[in-house]
Every structure is written in structure tokens, then in C-alpha cells.
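Residue numbers for the sequence shown follow the working numbering, so the first one is 34 and each next one is one higher.
The hints are simulated quantities; they were obtained by calculation from the structure and are not laboratory data. Where hints are given, some of them may not hold.
[Stated by the list, open to error] Mimicking DMTMM-like on lysine to aspartate or glutamate, the simulated pairs with C-alpha atoms at most 20 Å apart in a straight line are:
1. Lys61 - Asp75
2. Lys128 - Glu111
3. Lys139 - Glu84
4. Lys109 - Glu84
5. Lys103 - Glu91
6. Lys139 - Asp75
7. Lys154 - Glu111
8. Lys109 - Glu86
9. Lys128 - Glu151
10. Lys123 - Glu84
11. Lys127 - Glu100
12. Lys61 - Glu271
13. Lys61 - Glu229
14. Lys273 - Asp255
15. Lys154 - Asp167
16. Lys139 - Asp181
17. Lys139 - Asp119
18. Lys267 - Glu229
19. Lys123 - Glu291
20. Lys154 - Glu93
21. Lys123 - Glu64
22. Lys134 - Glu93
23. Lys127 - Glu108
24. Lys273 - Glu64
25. Lys109 - Glu151
26. Lys103 - Asp119
27. Lys134 - Glu162
28. Lys127 - Asp167
29. Lys115 - Asp167
30. Lys139 - Glu162
31. Lys128 - Glu162
32. Lys158 - Glu220
33. Lys134 - Asp119
34. Lys134 - Glu151
35. Lys128 - Asp181
36. Lys123 - Glu111
[What the hints assert, rightly or not] Here are the in silico distance ranges between beta carbons for each label pair:
37. Gly232 - Glu178: 19 to 29 Å
38. Glu64 - Arg277: 43 to 53 Å
39. Gln297 - Lys61: 32 to 42 Å
40. Arg69 - Gly272: 17 to 27 Å
Built from N, CA and C at the ideal position, the CB exists for glycine as well.
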Amino acid sequence: MATNRMNLPLVELITNPLDLFANVVHIKAMEGIRTRHNQMLDFVIIREQTEGEYSRMEHELVPGVIECLKIMTREKCERVAKFAFDYATKHGRKKVTAVHKANIMKLGDGLFLNVCTEMAKLYPKIQFEHMIIDNCCMQLVARPEQFDVMVMPNLYGNIVDNLAAGLVGGAGVVNGESVGSNYVLFEPGSRHTFTEAFGRQIANPTAMILCCANMLNHLHLDQYGWALRQSVEKVIREGKVRTRDLGGYATTGEFVSEVIDNFQMN
Numbered sequence: 034m035a036t037n038r039m040n041l042p043l044v045e046l047i048t049n050p051l052d053l054f055a056n057v058v059h060i061k062a063m064e065g066i067r068t069r070h071n072q073m074l075d076f077v078i079i080r081e082q083t084e085g086e087y088s089r090m091e092h093e094l095v096p097g098v099i100e101c102l103k104i105m106t107r108e109k110c111e112r113v114a115k116f117a118f119d120y121a122t123k124h125g126r127k128k129v130t131a132v133h134k135a136n137i138m139k140l141g142d143g144l145f146l147n148v149c150t151e152m153a154k155l156y157p158k159i160q161f162e163h164m165i166i167d168n169c170c171m172q173l174v175a176r177p178e179q180f181d182v183m184v185m186p187n188l189y190g191n192i193v194d195n196l197a198a199g200l201v202g203g204a205g206v207v208n209g210e211s212v213g214s215n216y217v218l219f220e221p222g223s224r225h226t227f228t229e230a231f232g233r234q235i236a237n238p239t240a241m242i243l244c245c246a247n248m249l250n251h252l253h254l255d256q257y258g259w260a261l262r263q264s265v266e267k268v269i270r271e272g273k274v275r276t277r278d279l280g281g282y283a284t285t286g287e288f289v290s291e292v293i294d295n296f297q298m299n
């Protein structure tokens with residue numbers, strides 16, 4: 034029974050039981066990592082993750098015909114839209130971009146877009162725009178610096194998270210968190226399992242360490258959280274110890290040891 038439970042997706046194991054409705058991924062370029070755009074990108078992707086295409090409501094009508102249902106509710110659209118605008122306000126962000134496909138899915142994504150548009154009126158100091166997911170992906174590749182806070186339904190966010198991670202060094206350096214009313218889960222932003230690295234000491238632990246730093250900040254242990262983040266940033270900036278995904282030869286353990294050696298409390 035335990036084995037079967039471990040095979041369940043994260044949404045059934047943790048996300049839905051704890052009602053972690055907002056997944057937040059911070060896309061931030063780090064000094065020392067060369068990127069395609071050579072810009073210090075800094076934007077946030079927020080996605081609703083308790084409904085949409087990942088509701089796991091699919092079935093076979095007749096042999097060879099599968100029906101997959103996408104669930105969108107006003108309540109949950111309002112909740113994640115408010116979260117996005119509150120996040121922008123709290124963190125001094127200037128713009129929120131709602132990403133959707135309302136031109137085709139006029140009811141489902143139309144509801145999401147309408148809710149975001151209505152919510153924007155309550156935050157006059159925050160600039161609001163909306164963008165079709167197709168164009169959003171192109172703009173992320175062509176002009177990613179235009180984004181600040183992005184909010185979107187479940188499936189789009191899952192794809193955009195990984196696309197954006199590639200802009201700043203890959204899945205190994207992007208941290209994230211899943212937020213609910215009573216719980217917060219700190220986790221790597223792209224959720225890339227990288228199972229082929231198991232036992233080989235080649236995975237980049239940067240994202241996981243930054244998750245630990247964010248958790249410390251969340252627990253009001255700010256001096257420890259910032260010290261840990263600064264240590265990671267220093268190691269990457271100096272470039273002496275790098276894992277393979279960043280063009281180096283260091284093992285996972287060697288990178289962690291270097292971060293520990295550079296850890297200093299101010």
C-alpha cells in the first residue's frame with residue numbers, strides 16, 4: 034500500500050491535501066552564470082495548482098476515446114489572482130501579467146481572465162496586462178526582461194516554469210515554493226526529478242539549498258537565510274566549484290562543502 038502511495042503524483046500526496054493553491058517560482062539570473070540574454074533577469078511565476086488540467090478527471094468513454102476535463106472555478110481563480118497582486122504589492126513589484134488561452138477556451142480561461150481583470154481594479158498602483166500563452170512563450174524567449182509577476186492556470190505554469198528556468202541556468206538553480214493558507218512547501222522550481230543522477234553525485238543542489246534559505250526567512254530566521262543565500266551566490270560567482278550542468282566538474286557533495294566553507298554570519 035505504501036509503495037502504491039509513493040507512486041501517486043505530488044498533487045494527490047501533498048498539494049491538494051494541504052490546499053497548496055499557489056506555486057511560486059522565482060526566476061532570477063545569478064552573477065557567474067552565463068545566459069543567452071546576458072541580462073540579470075528577475076521575475077516571478079505564480080500558478081494555480083489545485084484545479085485546471087491537473088484535476089486528474091479523465092476517463093475512457095468508449096475504447097479509443099479519452100475525455101479529459103479541465104476544471105476552473107471562480108473561487109480558486111479569485112484566490113490565486115488576489116495572491117498574485119498581494120505578492121506584487123508586498124515585494125515591491127510593479128506589474129502583473131495574466132497568462133491565458135481565452136481566445137479559444139472562452140469559458141474556462143475566459144473566467145480566469147475576467148477574474149484577474151476585476152482583481153486588478155482593486156490594485157490601482159500595480160500595472161496589469163494579459164497575454165495569450167502562445168505569445169507569452171515567444172516573449173519569454175525574445176524579451177524576458179519585460180515580465181515582473183506572472184499569474185496563470187495550472188498547465189501553462191508547469192510549462193512556463195521550465196522554459197523560464199532555461200533562461201537563467203536550468204532546473205538546478207531555480208527555487209520555488211507552494212503556498213496555502215496554513216502551509217508552505219519549499220521545493221525546486223521546475224520539479225525536475227533528474228532520476229538519472231541518483232547515486233552519481235552529479236546533480237546541482239543550488240535550487241534545494243536556496244529553498245532552505247527561503248524556508249529560514251519564512252521562519253523569521255532571516256540572518257541565517259540570507260547568509261546561506263549569500264554563500265551560494267558567492268560560490269557561483271567565483272566559479273571555482275561548479276557542477277556539470279554549469280560547465281564544471283564538481284560533485285554534488287563538493288559543491289555543498291564549498292557552500293558550507295563560505296558560510297558566514299554578518
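Okay, the hints, checked on the actual structure:
Taking the CA atoms of Lys61 and Asp75, the gap is near 4 Å; set against the 20 Å cutoff, the hint holds. For the given pair, Lys128 sits about 18 Å from Glu111 by alpha-carbon distance, which is consistent with the 20 Å threshold. Between Lys139 and Glu84 the CA atoms are separated by roughly 17 Å; this keeps the pair inside 20 Å, and the hint holds. Restraint check: the Cα-Cα separation between Lys109 and Glu84 comes to about 8 Å, which is no more than 20 Å; the hinted pair holds.
Proximity of Lys103 to Glu91 is assessed by CA-CA distance (about 9 Å); at most 20 Å being required, the pair is judged to hold. About 31 Å separates the Cα atoms of Lys139 and Asp75, which puts this hinted pair outside 20 Å; it is violated. Taking the CA atoms of Lys154 and Glu111, the gap is near 13 Å; set against the 20 Å cutoff, the hint holds. Of the pairs offered as hints, the one joining Lys109 and Glu86 holds, with about 14 Å between alpha carbons and a cut-off of 20 Å not exceeded.
Taking the CA atoms of Lys128 and Glu151, the gap is near 15 Å; set against the 20 Å cutoff, the hint holds. For the given pair, Lys123 sits about 26 Å from Glu84 by alpha-carbon distance, which is inconsistent with the 20 Å threshold. This hinted pair does not check out: Lys127 and Glu100 have alpha carbons roughly 40 Å apart, beyond 20 Å. Distance restraint check for Lys61 and Glu271: the Cα-Cα separation of roughly 18 Å lies within the 20 Å cut-off, and the hinted pair is therefore satisfied.
Our distance criterion of 20 Å between C-alpha atoms is broken by Lys61 and Glu229, whose separation comes to about 26 Å. Distance hint between Lys273 and Asp255 is unfulfilled; the C-alpha atoms sit about 27 Å from each other, more than 20 Å. Among the hinted pairs, Lys154 with Asp167 is inconsistent with the structure: their alpha-carbon atoms are about 25 Å apart, more than 20 Å. Using a Cα cut-off of 20 Å, the hinted pair Lys139 and Asp181 is violated, with the two alpha carbons roughly 26 Å apart.
For the hint linking Lys139 to Asp119, the alpha-carbon distance of about 26 Å lies beyond 20 Å, and the restraint is violated. This hinted pair does not check out: Lys267 and Glu229 have alpha carbons roughly 28 Å apart, beyond 20 Å. Between Lys123 and Glu291 the CA atoms are separated by roughly 33 Å; this puts the pair beyond 20 Å, and the hint is violated. A C-alpha spacing of about 42 Å is found between Lys154 and Glu93, which places the hinted pair above 20 Å, so the restraint is violated.
For the proposed pair Lys123 and Glu64, the alpha carbon gap of about 25 Å is over 20 Å, so the pair is violated. Between Lys134 and Glu93, the direct Cα distance comes to roughly 25 Å. Violation of the 20 Å bound is thereby established for this hinted pair. Proposed proximity of Lys127 and Glu108 is contradicted: the alpha carbons are some 25 Å apart, above 20 Å. Of the supplied pair hints, the one linking Lys273 and Glu64 holds, its CA atoms being roughly 13 Å apart against a limit of 20 Å.
Taking the CA atoms of Lys109 and Glu151, the gap is near 14 Å; set against the 20 Å cutoff, the hint holds. About 26 Å separates the Cα atoms of Lys103 and Asp119, which puts this hinted pair outside 20 Å; it is violated. For the suggested pair Lys134 and Glu162, the alpha carbons sit about 14 Å apart, so the restraint of at most 20 Å is met. Restraint check for Lys127 and Asp167: the C-alpha separation of about 23 Å exceeds 20 Å, so the hint is violated.
With a CA separation close to 24 Å, the supplied pair Lys115 and Asp167 exceeds the 20 Å bound. At most 20 Å may separate the alpha-carbon atoms for a hinted pair to count; Lys139 and Glu162 meet this at roughly 18 Å. A hinted pair counts as satisfied when its Cα atoms are at most 20 Å apart, and Lys128 with Glu162 qualifies at roughly 8 Å. A C-alpha spacing of about 31 Å is found between Lys158 and Glu220, which places the hinted pair above 20 Å, so the restraint is violated.
The hinted pair formed by Lys134 and Asp119 fails the criterion: a straight-line CA distance of about 24 Å is larger than 20 Å. For the proposed pair Lys134 and Glu151, the alpha carbon gap of about 17 Å is at most 20 Å, so the pair holds. About 6 Å separates the Cα atoms of Lys128 and Asp181, which keeps this hinted pair within 20 Å; it holds. Between the alpha carbons of Lys123 and Glu111 the distance comes to roughly 18 Å, so the proposed pair stays at or under 20 Å and holds.
Between Gly232 and Glu178 the Cβ separation comes to about 39 Å, which falls outside the hinted range of 19 to 29 Å. Checked against the given bound of 43 to 53 Å, the beta carbons of Glu64 and Arg277, roughly 20 Å apart, lie outside it. A hinted range of 32 to 42 Å for the beta carbons of Gln297 and Lys61 is inconsistent with their spacing of about 22 Å. The given range of 17 to 27 Å is respected by Arg69 and Gly272, whose C-beta atoms sit roughly 18 Å from each other.
In this structure, the hints that do not hold are numbers 6, 10, 11, 13, 14, 15, 16, 17, 18, 19, 20, 21, 22, 23, 26, 28, 29, 32, 33, 37, 38 and 39, in rising order.
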